[in-house]
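Visitor: As they're listed, the protein sequences go chains A and B. Quick note, the numbering used here runs 1 ahead of the 1-based positions in the first sequence. Quick note, the numbering used here runs 1 ahead of the 1-based positions in the second sequence.
Keep in mind that a hint or two might mislead.
Stated by the list, open to error - Now the in silico label distances, taken between C-beta atoms and shown as ranges:
1. B:Asp159 with A:Arg21: 43 to 51 Å
2. B:Asp137 with A:Ala143: 55 to 63 Å
3. B:Asp40 with A:Ala54: 17 to 25 Å
4. B:Glu147 with A:His18: 38 to 46 Å
5. A:Arg135 with B:Asp137: 49 to 57 Å
6. B:Ala129 with A:Thr63: 24 to 32 Å
7. A:Ala143 with B:Asp159: 29 to 37 Å
To be verified - Coverage of chain B stretches by chain A, computed from C-beta distances (three or more under 8 Å per stretch; other residues unrestricted):
8. 74-83
9. 134-144
It is worth saying that the hints were derived from the structure and are not from the lab. These figures come from a predicted structure and were not determined experimentally. Think of the CB as a built atom: it goes at the ideal place given N, C-alpha and C, for glycine as much as any other residue.
One-letter residues, chain by chain:
2 protein chains.
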Amino acid sequence: MRVQCDRLGPVPKLVDHHERRTLLADALLRVAATRGLMDVSLRHVAAEAGVTAGMVQHYFRTKDEMMVFALDVVAARVQARLDDDPEADAPRARVRALLVQLLPLDDDRALEGRVAVAFHAYAAARPAVAARLREDTAGMRAAIAEQVRRAGAPGALDPERAATGLLSLVEGLAIHVLGGHVDPDHALATLDGHLDLAFTPV
Amino acid sequence: MRVQCDRLGPVPKLVDHHERRTLLADALLRVAATRGLMDVSLRHVAAEAGVTAGMVQHYFRTKDEMMVFALDVVAARVQARLDDDPEADAPRARVRALLVQLLPLDDDRALEGRVAVAFHAYAAARPAVAARLREDTAGMRAAIAEQVRRAGAPGALDPERAATGLLSLVEGLAIHVLGGHVDPDHALATLDGHLDLAFTPV
């Protein structure tokens, strides 16, 4: 039986959805890195990944879907790094671990930051596309506010404003680092100063 | 003599550079409002302004130049509103007056905010284009740090980090308001909380 099976050739491999998704995600980020996400087309991604346009269209058919796919990819990469972070235990350390993942402090995060700002610009004129981003943002803001609350003693800002402030701060800092207006060390020092304010009892 | 001059017709009106620039600026912002700045072409602007493509090209010949023109227009509008602001005398009030002009709290500022975030996204992949933005940012940061210093007693953050923080905060908040993640009142309350931290002696 085994021999017969072998003669029929290998059982067709099931499509590995995750593998293909990763292949396309990497290709999309590579093209975005050189062209800027706004100028990337479905065809560029197919060419970069070495697959057919039809295969790409299985994952995203329109520019809107491609932008959401790119955002998902970035979110997944941030989450994976967070899961690997051993130091995130106390409230302040947990919030810091999240926020430094959003700062463009190395090439990977710079690329992700460019994708994020491109998505923000794209979504700013298209309320429908912004929905996916709203979920992510609301989730992160709630998580930060929860940690500020957990830290106990009231800080200089109430937890909601502290959370909105820290997340906005990091997104603004990311833009400034990407544009070369602020160097990464100064951005990190500015973040740490604000974390102190949010987590130090007054 | 006067009669003779009249018979020669009116003296050809000198091209009003400022008027034309304003006409094109308004057209550019109107098209950007509906399409998103990234998808605007020189031809769209010419059609919207009711002028020839050649006239538009006198002001910007390439997409890069159009983006810089758009940023200049936004900066000029912000400056004009600041010049009209009567309340900006004390250091904290001056900084607040500047920063609220960068928050999308009405339709005009929302449109300018969309232009600004589109410019950030565009510039993030094109270092050469970012130069103009860097000047503006450095100027605003220095102005804020100067006011924090002038306020006298040391606040919770040193002036440089306070300035970087406030400007980044407002740019992040602007993105969150534009994306519908944060409502304008919460954004303003978050800004005021951070102004208190920067300007209140510890």
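Visitor: All hints are to be evaluated individually against the structure, with a verdict given for each.
Guide: The hints, checked one at a time:
1. B:Asp159 with A:Arg21: 43 to 51 Å: holds (50 Å)
2. B:Asp137 with A:Ala143: 55 to 63 Å: violated (34 Å)
3. B:Asp40 with A:Ala54: 17 to 25 Å: holds (22 Å)
4. B:Glu147 with A:His18: 38 to 46 Å: Cβ of Glu147 (chain B) to Cβ of His18 (chain A): about 56 Å, so the range 38 to 46 Å is violated.
5. A:Arg135 with B:Asp137: 49 to 57 Å: Roughly 29 Å apart at Cβ, these two residues miss the hinted range, so it is violated.
6. B:Ala129 with A:Thr63: 24 to 32 Å: Between Ala129 (chain B) and Thr63 (chain A), where Cβ atoms are some 31 Å apart, the hint holds.
7. A:Ala143 with B:Asp159: 29 to 37 Å: Once the Cβ atoms are compared, 31 Å apart, the range 29 to 37 Å for Asp159 (chain B) and Ala143 (chain A) holds.
8. 74-83: violated (count 0)
9. 134-144: holds (count 5)
In terms of the numbered hints stated before, the structure departs from hints 2, 4, 5, 8, listed from lowest to highest.
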